Amino acid sequence: MRYAMAVDTKKCVGCSDCVVACQTENNVPIGYCREWVVEVLDGTYPQLEMEIRSERCNHCENSPCVRCCPTGASHYSDGGIVLVNEKKCIGCGACITSCPYDARYTHPNGYVDKCTFCIHRIHDGLKPACAAVCPTKCIYFGDLEDPGSEVSEILKKRKHKTLIPEAGTKPQLYFLI
Amino acid sequence: MNEEIIVSGRNNPFIDPVLQIWHWQIPLYLFLGGLAAGILFFAALYRIMGKEEQYPTAVKKAPLIVPILLVFGLIALFLDLKHKPFFWQLYTTIKLQSPMSWGAWVLMAITPLSFIYAALNIKEVFPLWDWKFQWLKNFEKFSGKYIVQLSWAIMILSLILGVYTGILFSAFNARPLWNTSILGPLFLASGLSTGAVTIMLMSKNARERKLFARIDLLMIAIELFLIVHMFMGFLASTQVQIDAANLFLGGPYTAPFWIFVVSLGLVIPALLEILEIRKYHIPAIVPAVLVLFGGIMLRFIFAFAGQTSRWLY
Chain W
1 MRYAMAVDTK KCVGCSDCVV ACQTENNVPI GYCREWVVEV LDGTYPQLEM
51 EIRSERCNHC ENSPCVRCCP TGASHYSDGG IVLVNEKKCI GCGACITSCP
101 YDARYTHPNG YVDKCTFCIH RIHDGLKPAC AAVCPTKCIY FGDLEDPGSE
151 VSEILKKRKH KTLIPEAGTK PQLYFLI
Chain S
1 MNEEIIVSGR NNPFIDPVLQ IWHWQIPLYL FLGGLAAGIL FFAALYRIMG
51 KEEQYPTAVK KAPLIVPILL VFGLIALFLD LKHKPFFWQL YTTIKLQSPM
101 SWGAWVLMAI TPLSFIYAAL NIKEVFPLWD WKFQWLKNFE KFSGKYIVQL
151 SWAIMILSLI LGVYTGILFS AFNARPLWNT SILGPLFLAS GLSTGAVTIM
201 LMSKNARERK LFARIDLLMI AIELFLIVHM FMGFLASTQV QIDAANLFLG
251 GPYTAPFWIF VVSLGLVIPA LLEILEIRKY HIPAIVPAVL VLFGGIMLRF
301 IFAFAGQTSR WLY
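Protein chains in written order, with the numbering used here: chain W, 1 to 177; chain S, 1 to 313.
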């Protein structure tokens with residue numbers, strides 16, 4: 001199993017519904033966020049290009065955060081989802097420093113917190129909250145090893161990219177371009 | 001025009017707008033750890049070579065301050081943790097890929113050894129020292145028999161401790177400024193240099209002071225060589241590493257780095273030590289304090305500048 005997510009940058013309107021859904025679903029403390037929306041504007045008028053990306057933890061296959069965690073609190077769970085075991089986390093900040101996407105933060109309770117791909121919803125057969133709530137249905141989620149899954153189907157059909165693959169992390173958050 | 005902005009608003013404390021997760025605790029610990037490693041290395045080295053009579057400060061006196069340095073370093077490390085009640089989880093795991101894990105284990109090994117080494121030499125400074133309990137006297141006698149083996153263990157562990165202070169940073173490829181293998185040897189050389197000047201400062205023996213001034217000169221030369229190589233490597237590398245080098249070559253850290261670390265911390269003490277060797281009278285405290293100051297600044301500047309270097313946004 002290899003869970004992955006694809007975000008259609010041509011369909012995303014940047015409404016930030018996914019951000020709010022995530023905060024509500026996961027009880028993210030006020031003032032923090034596990035996901036965010038980036039707007040890229042490129043070119044000179046009138047040749048302008050815009051790309052909107054809904055970003056979160058990339059659940060990398062070669063995660064620097066899992067590698068550098070001194071206690072094993074950061075670990076790979078089902079389908080390669082990167083999770084933090086808060087009972088093992090000492091809050092040293094090594095994983096936060098090691099993440100090129102700055103996807104982690106220290107929870108006010110001391111341990112490190114991040115996107116979980118809503119693993120509790122996946123276990124119930126549901127999509128992650130961000131994908132479920134998206135009004136333009138631009139977030140695709142599923143198992144890459146299952147050729148019939150939503151995410152495998154869309155990645156077969158469309159051109160896509162990942163963010164800073166040159167950092168060697170093998171990110172699993174794809175952007176359809 | 002190329003503009004990349006987070007439109008949903010992201011303001012995670014200590015992450016945005018630039019990473020600032022590590023404050024004064026980590027660089028202070030790196031300095032204390034490097035200094036402790038430097039003092040222990042020279043103490044163990046000259047003990048193994050059987051030169052405790054020629055260089056009594058290096059072998060016997062200076063190691064007495066090492067346990068204090070390491071304890072303050074450990075306190076700083078503990079203060080850095082955000083989930084403090086769980087700190088013991090560090091010692092339930094050995095993870096070789098994580099420098100912080102094996103660094104914690106090295107500290108766990110070298111701290112008690114430094115206490116034993118200091119205890120064996122405490123009568124040199126306090127001749128009337130009394131252990132009070134018979135079992136402590138027996139333990140002193142017992143470990144005294146193995147002082148050479150103890151010195152070997154301390155020498156090897158001190159090198160690992162010294163190099164680890166740099167590898168801790170260089171293992172993070174997410175921070176391009178830190179992601180250079182030169183940081184390991186650079187921080188080790190800086191640790192040995194601060195250790196050498198501390199011995200020089202404490203010594204009352206002219207021959208010993210001269211020796212450690214020369215050792216310090218050699219270490220400063222190595223540091224300058226490594227710094228030049230570091231910039232050559234950065235400037236010949238990818239864009240993110242060129243940007244990282246530019247933090248020191250015109251960017252916001254240019255003045256503190258070249259004034260505090262390179263000029264005051266390396267070049268001026270080196271010149272003063274050369275004058276001293278050429279028979280001019282220079283009070284040892286001047287180059288020593290400058291080198292210690294430069295060592296602190298090197299770690300602080302690298303810790304803070306490194307956190308601002310990044311790949312995205």
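Bear in mind the hints are in silico, worked out from the structure with no lab data behind them.
Predicted model only: the values in this text are computed from it and were never measured.
Check each hint, because a few of them may be wrong.
Partial list, derived from the structure: chain S residues whose beta carbon lies under 10 angstroms from chain W [said to hold, decoys possible]:
1) 9
2) 52
3) 54
4) 85
5) 312
Don't be surprised by glycine CBs; every beta carbon is placed ideally from N, CA and C.
Evaluation of the provided hints:
1. Interface restraint check for residue 9 of chain S: the shortest CB-CB distance to chain W comes to about 7 angstroms, inside 10 angstroms, so the restraint holds.
2. Look at residue 52 of chain S: its Cβ only gets to about 37 angstroms from chain W, farther than 10 angstroms, so that hint breaks.
3. For the restraint placing residue 54 of chain S at the interface with chain W, the shortest Cβ-Cβ distance is roughly 41 angstroms, beyond the 10 angstroms limit, so the hint is violated.
4. The criterion of a C-beta within 10 angstroms of any C-beta in chain W is met by residue 85 of chain S, whose closest approach is roughly 8 angstroms, and the hint holds.
5. Hint status for residue 312 of chain S relative to chain W: holds, with the closest Cβ pair at about 6 angstroms, below 10 angstroms.
This entry does not satisfy hints 2 and 3, going by the numbered hints stated previously.
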